[in-house]
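Each protein sequence line maps, in turn, to chains A and B.
Its first residue numbered 87, the first sequence is counted upward by one per residue in the working numbering.
Its first residue numbered 138, the second sequence is counted upward by one per residue in the working numbering.
Just so you know, the hints here were simulated from the structure itself, not pulled from any lab data.
Just so we're clear, the structure is a prediction, and the values are computed from it rather than from any experiment.
Accuracy of the hints is not assured; some may be wrong.
[Claimed, not checked] Restricting the straight-line Cα-Cα distance to at most 25 Å, the calculated cross-link-like pairs of lysine to aspartate or glutamate (DMTMM-like) are: (1) B:252 x A:159; (2) A:150 x B:235; (3) A:262 x B:261; (4) B:221 x A:175; (5) A:262 x B:153; (6) B:271 x A:175; (7) A:146 x B:235; (8) B:221 x A:169; (9) A:150 x B:261; (10) A:146 x B:203; (11) B:252 x A:169; (12) A:207 x A:195; (13) A:150 x B:279; (14) A:150 x B:251; (15) A:146 x B:191; (16) B:187 x A:159; (17) B:209 x A:159; (18) B:271 x A:159; (19) B:253 x A:159; (20) A:146 x B:251; (21) B:221 x A:249; (22) B:187 x A:114; (23) A:232 x B:227.
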Amino acid sequence: MYLLLFPVVLAFSACNSSTDKNLNAKADTTRISVLTFTRQADSLVNKPVMIEGTVFHTCKHGGKRLFLVDGTDSIRVEVTAGEQIAKFDESLIGSRILITGLLREERIDTKYLNEWEAEVKKPEENHGAGLHTGAKGHEDQGVQEKLDQIAALRADLKNSGKDHLSFFSVEAISYKVIQ
Amino acid sequence: MQAKTLRRWNNILHRDIGYLCFGMTIIYAVSGIVLNHFKSGDFMHPDYSKSYHEYTVPIPPSGAVDQTYVFKVLEKVGERRHYKSHITGEGYVQIFLDNGSCYVDLNTGAAQLEKKTTRYVIREFNLLHYNNLKRFYTWFSDLYAAGLIILAITGLFVLRGKNGIIGRGAWLTAIGILIPALFLLIYW
Numbered sequence: 087m088y089l090l091l092f093p094v095v096l097a098f099s100a101c102n103s104s105t106d107k108n109l110n111a112k113a114d115t116t117r118i119s120v121l122t123f124t125r126q127a128d129s130l131v132n133k134p135v136m137i138e139g140t141v142f143h144t145c146k147h148g149g150k151r152l153f154l155v156d157g158t159d160s161i162r163v164e165v166t167a168g169e170q171i172a173k174f175d176e177s178l179i180g181s182r183i184l185i186t187g188l189l190r191e192e193r194i195d196t197k198y199l200n201e202w203e204a205e206v207k208k209p210e211e212n213h214g215a216g217l218h219t220g221a222k223g224h225e226d227q228g229v230q231e232k233l234d235q236i237a238a239l240r241a242d243l244k245n246s247g248k249d250h251l252s253f254f255s256v257e258a259i260s261y262k263v264i265q
Numbered sequence: 138m139q140a141k142t143l144r145r146w147n148n149i150l151h152r153d154i155g156y157l158c159f160g161m162t163i164i165y166a167v168s169g170i171v172l173n174h175f176k177s178g179d180f181m182h183p184d185y186s187k188s189y190h191e192y193t194v195p196i197p198p199s200g201a202v203d204q205t206y207v208f209k210v211l212e213k214v215g216e217r218r219h220y221k222s223h224i225t226g227e228g229y230v231q232i233f234l235d236n237g238s239c240y241v242d243l244n245t246g247a248a249q250l251e252k253k254t255t256r257y258v259i260r261e262f263n264l265l266h267y268n269n270l271k272r273f274y275t276w277f278s279d280l281y282a283a284g285l286i287i288l289a290i291t292g293l294f295v296l297r298g299k300n301g302i303i304g305r306g307a308w309l310t311a312i313g314i315l316i317p318a319l320f321l322l323i324y325w
């Protein structure tokens with residue numbers, strides 16, 4: 087009898103596994119663009135947004151992250167996969183997509199940088215630690231490159247005159263491939 | 138309950154859970170090997186195999202990259218029909234294709250064509266291994282993990298006598314525990 091449960095569980099799992107890219111934009115969703123992202127992000131933290139762009143890079147460690155650009159790579163917008171999205175497949179690279187999600191802020195302060203530095207100096211590096219930039223080869227960075235990145239962020243923090251640096255991203259709830 | 142009845146149930150559980158766990162064990166084992174070596178840098182990407190080809194292409198005469206120039210590059214590398222989109226950066230253009238991309242250094246004309254081939258089946262195994270699906274799959278994979286624990290414990294008591302857990306089995310079980318412990322002692 088209990089053998090019958092196995093296909094039932096599988097079927098249930100399959101029914102719920104489709105990552106539908108239905109875009110249910112709420113009325114208060116703000117449409118933003120890649121090129122104006124940095125200017126607009128500050129006022130939209132934790133609010134629903136829609137953003138369109140070309141997929142420049144997807145994270146090969148589980149596909150939980152991608153970067154959007156628009157024509158040029160000078161501005162890259164980080165997008166993380168929310169609970170509803172299984173992964174961002176590498177086949178999305180180069181596609182134009184429209185994302186609906188929530189705008190998130192990551193604050194980097196001295197404490198964060200100290201912990202990151204300690205993590206990087208461990209022999210077993212942790213990919214999850216640190217800041218994802220989407221730059222070519224950023225996932226294969228060595229220890230020295232990461233330490234250089236930390237040093238540069240320390241300098242930016244000092245020059246900013248604030249106690250933290252803000253990095254903005256979009257947590258995707260759904261997405262649609264436009265072309 | 139008598140020892141004989143206990144052992145009978147133990148063996149039934151071991152047999153049936155073993156059958157049920159077969160599929161998931163193969164999935165996790167195959168994907169585990171791929172992900173292990175991908176993380177240590179042996180694979181460029183766990184889901185795709187990639188190959189690289191070098192070309193020299195003309196530099197755009199005016200320095201500006203437009204669609205005509207992009208198509209000219211693609212004609213040269215034989216990928217015109219796979220064009221998807223392109224972006225420009227400081228001194229380069231990256232052309233995205235259905236099956237890869239082409240990176241052109243606009244200062245030297247050096248072009249690198251990256252072609253990728255999907256590792257079907259392994260890609261789906263990795264998706265399950267990473268638990269990208271979430272939802273009910275999380276519970277199902279927890280159930281599988283619990284099944285493995287039961288499988289391991291019942292496995293100790295399948296045989297009686299000199300090959301059982303009080304004989305040869307004890308030594309082999311001890312070795313199986315000592316090996317990972319040894320790795321921790323040496324490398325950690």
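Name the hints, by number, that the structure is in violation of. 5, 8, 10, 11, 18, 21, 22
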